[in-house]
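Colleague: Residue-level listing of the chains:
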Amino acid sequence: MILPALFFYLFAGICVASAVMVIASRNPVHSVLFLILAFVNASGLFVLLGAEFLAMILVVVYVGAVAVLFLFVIMMLDVDFAELRQGFLEYLPVGLLIGAVFLAELLLVAGGWAINPALVKTAVAPIPADITNTEALGLVLYTRYIHYFQISGIVLLVAMIGAIVLTLRHKPSVKRQDINVQNARTKAMAMEVRKVAVGQGLQDPPSREAAE
Amino acid sequence: MSFQAAGYSLTPALPELVLTVSAMVLLMLGAFRGEKITGLVTALAVAMLVVTGLVVLWLPAGKLTTFGGSFIVDDFARFLKVLALTGSAVALILSRGFLEEPSRRIFEYAILIMLSTVGMMILISAADLITLYLGLELMSLALYVVASSHRDDAKSTEAGLKYFVLGALSSGMLLYGASLIYGFTGTVSFAGIAAAAKEPTTGLVFGLVFLLAGLCFKISAVPFHMWTPDVYEGAPTPVTAFFASAPKVAALAVFTRVALTAFPGITSQWQQIVVFVAIASMVLGSFAAIGQKNIKRLMAYSSIGHMGFALVGLAAGTQEGAQGVLVYIAIYVAMTLGTFSVILAMKRNGQPVETISDFAGLSRTNPLLAFFLAMLLFSLAGIPPLAGFFAKFYVFLAAIKAGLFTLAVIGVVASVIGAFYYLTIIKVMYFDEPKGAVDPVRTELRTVLAVAGGFNMLFFIYPAPLITAATAAAKSLF
Numbered sequence: 001m002i003l004p005a006l007f008f009y010l011f012a013g014i015c016v017a018s019a020v021m022v023i024a025s026r027n028p029v030h031s032v033l034f035l036i037l038a039f040v041n042a043s044g045l046f047v048l049l050g051a052e053f054l055a056m057i058l059v060v061v062y063v064g065a066v067a068v069l070f071l072f073v074i075m076m077l078d079v080d081f082a083e084l085r086q087g088f089l090e091y092l093p094v095g096l097l098i099g100a101v102f103l104a105e106l107l108l109v110a111g112g113w114a115i116n117p118a119l120v121k122t123a124v125a126p127i128p129a130d131i132t133n134t135e136a137l138g139l140v141l142y143t144r145y146i147h148y149f150q151i152s153g154i155v156l157l158v159a160m161i162g163a164i165v166l167t168l169r170h171k172p173s174v175k176r177q178d179i180n181v182q183n184a185r186t187k188a189m190a191m192e193v194r195k196v197a198v199g200q201g202l203q204d205p206p207s208r209e210a211a212e
Numbered sequence: 213m214s215f216q217a218a219g220y221s222l223t224p225a226l227p228e229l230v231l232t233v234s235a236m237v238l239l240m241l242g243a244f245r246g247e248k249i250t251g252l253v254t255a256l257a258v259a260m261l262v263v264t265g266l267v268v269l270w271l272p273a274g275k276l277t278t279f280g281g282s283f284i285v286d287d288f289a290r291f292l293k294v295l296a297l298t299g300s301a302v303a304l305i306l307s308r309g310f311l312e313e314p315s316r317r318i319f320e321y322a323i324l325i326m327l328s329t330v331g332m333m334i335l336i337s338a339a340d341l342i343t344l345y346l347g348l349e350l351m352s353l354a355l356y357v358v359a360s361s362h363r364d365d366a367k368s369t370e371a372g373l374k375y376f377v378l379g380a381l382s383s384g385m386l387l388y389g390a391s392l393i394y395g396f397t398g399t400v401s402f403a404g405i406a407a408a409a410k411e412p413t414t415g416l417v418f419g420l421v422f423l424l425a426g427l428c429f430k431i432s433a434v435p436f437h438m439w440t441p442d443v444y445e446g447a448p449t450p451v452t453a454f455f456a457s458a459p460k461v462a463a464l465a466v467f468t469r470v471a472l473t474a475f476p477g478i479t480s481q482w483q484q485i486v487v488f489v490a491i492a493s494m495v496l497g498s499f500a501a502i503g504q505k506n507i508k509r510l511m512a513y514s515s516i517g518h519m520g521f522a523l524v525g526l527a528a529g530t531q532e533g534a535q536g537v538l539v540y541i542a543i544y545v546a547m548t549l550g551t552f553s554v555i556l557a558m559k560r561n562g563q564p565v566e567t568i569s570d571f572a573g574l575s576r577t578n579p580l581l582a583f584f585l586a587m588l589l590f591s592l593a594g595i596p597p598l599a600g601f602f603a604k605f606y607v608f609l610a611a612i613k614a615g616l617f618t619l620a621v622i623g624v625v626a627s628v629i630g631a632f633y634y635l636t637i638i639k640v641m642y643f644d645e646p647k648g649a650v651d652p653v654r655t656e657l658r659t660v661l662a663v664a665g666g667f668n669m670l671f672f673i674y675p676a677p678l679i680t681a682a683t684a685a686a687k688s689l690f
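Sequence order for the protein chains is X and L.
Quick note on numbering: the first sequence equals residues 1 to 212 in our numbering.
Quick note on numbering: the second sequence equals residues 213 to 690 in our numbering.
Hints should not be assumed to be uniformly reliable.
[Said to hold, decoys possible] Capping the alpha-carbon separation at 25 Å, the derived lysine-lysine pairs in DSS-like fashion look like this:
1) K187(X) with K175(X)
2) K171(X) with K248(L)
3) K367(L) with K171(X)
[Claimed, not checked] DEER-style ranges, computed between Cβ atoms:
4) A366(L) with A114(X): 48 to 56 Å
5) K171(X) with K367(L): 21 to 29 Å
6) A159(X) with V237(L): 43 to 51 Å
7) L92(X) with P314(L): 51 to 59 Å
8) T143(X) with V621(L): 48 to 56 Å
9) G112(X) with G615(L): 36 to 44 Å
10) M236(L) with V61(X): 23 to 31 Å
Because the hints were derived from the structure by calculation, they are not lab data.
Even for Gly, the Cβ is constructed at its ideal location relative to N, Cα and C.
Pulled out of the complex, with its shape left as it was, chain X reads as follows (with noise of 0.2 Å):
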């Protein structure tokens, strides 16, 4: 009893100070990193409450994809985080009594909450008592789920050809390498002789595209 409150105070006091850390670090590129934490730690949270395919979607999805996009885009980005954070200490004072009030409408919430027991038994698919939760998911995901699988399947294609229409340009004036054509190349192709008059030079030296 007392070893799963010690990884819950452990996992949600790191969580906690990380949350924290991610909006108070100067580098922005810390930040990432402790948002990777609070993350992690997150999901650590959710093992303890036994809803382990929430864990390691939270790492698959958030960590290893997310979080590592972030890092990208702000180390591609030469954002100027000191002026972003300039008016921090003008605005403090009105984001803690917008963060009180908000923290007084939580409790409030959570005080007054009461679930009603009927209606946890009208849920249609019971919870499986027997198996774990991500085999529960993975026996209905693809058999008697498979047709909304199938129409995210078709979302996300969408989404693909959306992205090439809109970013995707062909411009003329590149040049590409074609092995091919560079093999055809004969010598005729390639070279051309002509008798230059003294003093005179070429008037107009042929260009590359006109001798290929």
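With the hints as your guide, set chain L onto chain X.
Modeller: For chain L alone, kept in the frame of chain X given last:
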């Protein structure tokens, strides 16, 4: 097969499968052959939309369900699917001229419209909240892309971005509502929700409000209409013609199905919302359009107003009301596509003209075009004996039968005010000095205009097919 026995037959979803697979095949064709094949891909896409429509009609009669009851094909779905497919196919035909310019030869345009139509068909057939959401996202995501398909134009890009951001907001609201409904009823299927929602609990009504707000966004009903004028004006005109037709059909269909099949137990709750939204849309659509100079913006306000009129039928909450909605949306699609074919035909020296003053004297430079546009505008205003009059007649009749007299009176008043701006355009066309000749009209625009205009003018002679189909479709919801 046991999978089939367990309610997972693929037959009811055959039209969607045909359209999706053909879209992917055309995508491969375009990817391998490049931009020069755009014309062929567009033509094949139109052909496949027609084939899909035939498959919808070929499906066995009666109510079919599949995928564990989350996908339903009834007469209501058949009617609206054929309508949505027609709207998409005609919109694609209208965009042929737009796609011929070298800088805009994007073959993906036709494929995105096809996939968006798949989304609409899923939406029309949705029988649970998850299918609804996935269909809505599939439809909208493709729309955001085609809105900004003219990517070198700042207005087009702005339209796409605005539509995307506001669409994401509306999806968020819809999902929030759906999660509340799931939380308070314990199920996502419409039939299950109807069985559980016998009395209005606070949580359920809360969820209902958010769900309907998300859907109002998609049909651009007031107060969730703000994106419409900007997107309609900024998007390329053929895209605007598409936005004003097929997606409206699908969104209105799902609005009707959710209200009538998922929440019949708490009709009085959603009726208030629909009545308010209908009145606000009709009034705003009529007043805000008066000051518009750009014809596409004017059509945006006109479509807001027309969605309000269609919702009058839904507000009645009866079978006649549902029938009114179906007749309304079918006639609305015909009127809108006809009007947009005229807007697309308005070109001077190869440049499209969009302001209302550019229509000046059209009756002398191109009398036939002016006549058809005048008839379509009279129809949009609801003047008998044109089709638009019957559309309004059926929804107002349903509202009066349901005892919603105030709503019907406000609707009639709004439609009279709305007639003002339609008549203004006709006045500009017939009584103002000509501004110079317009370019010759392309064949496909002429064909669409002739069919849509003919339907509008001759509907009153033989209305039976549409009315019978709409009655059967409305009956399948009750």
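Colleague: Are the hints correct? Go through all of them and say.
Modeller: Against the structure, the hints:
no.: 1; hint: K187(X) with K175(X); verdict: holds, 22 Å
no.: 2; hint: K171(X) with K248(L); verdict: holds, 15 Å
no.: 3; hint: K367(L) with K171(X); verdict: holds, 23 Å
no.: 4; hint: A366(L) with A114(X): 48 to 56 Å; verdict: holds, 54 Å
no.: 5; hint: K171(X) with K367(L): 21 to 29 Å; verdict: holds, 24 Å
no.: 6; hint: A159(X) with V237(L): 43 to 51 Å; verdict: violated, 20 Å
no.: 7; hint: L92(X) with P314(L): 51 to 59 Å; verdict: holds, 56 Å
no.: 8; hint: T143(X) with V621(L): 48 to 56 Å; verdict: holds, 54 Å
no.: 9; hint: G112(X) with G615(L): 36 to 44 Å; verdict: holds, 40 Å
no.: 10; hint: M236(L) with V61(X): 23 to 31 Å; verdict: holds, 26 Å
The structure fails to meet hint 6 from the earlier list, while all remaining hints are met.
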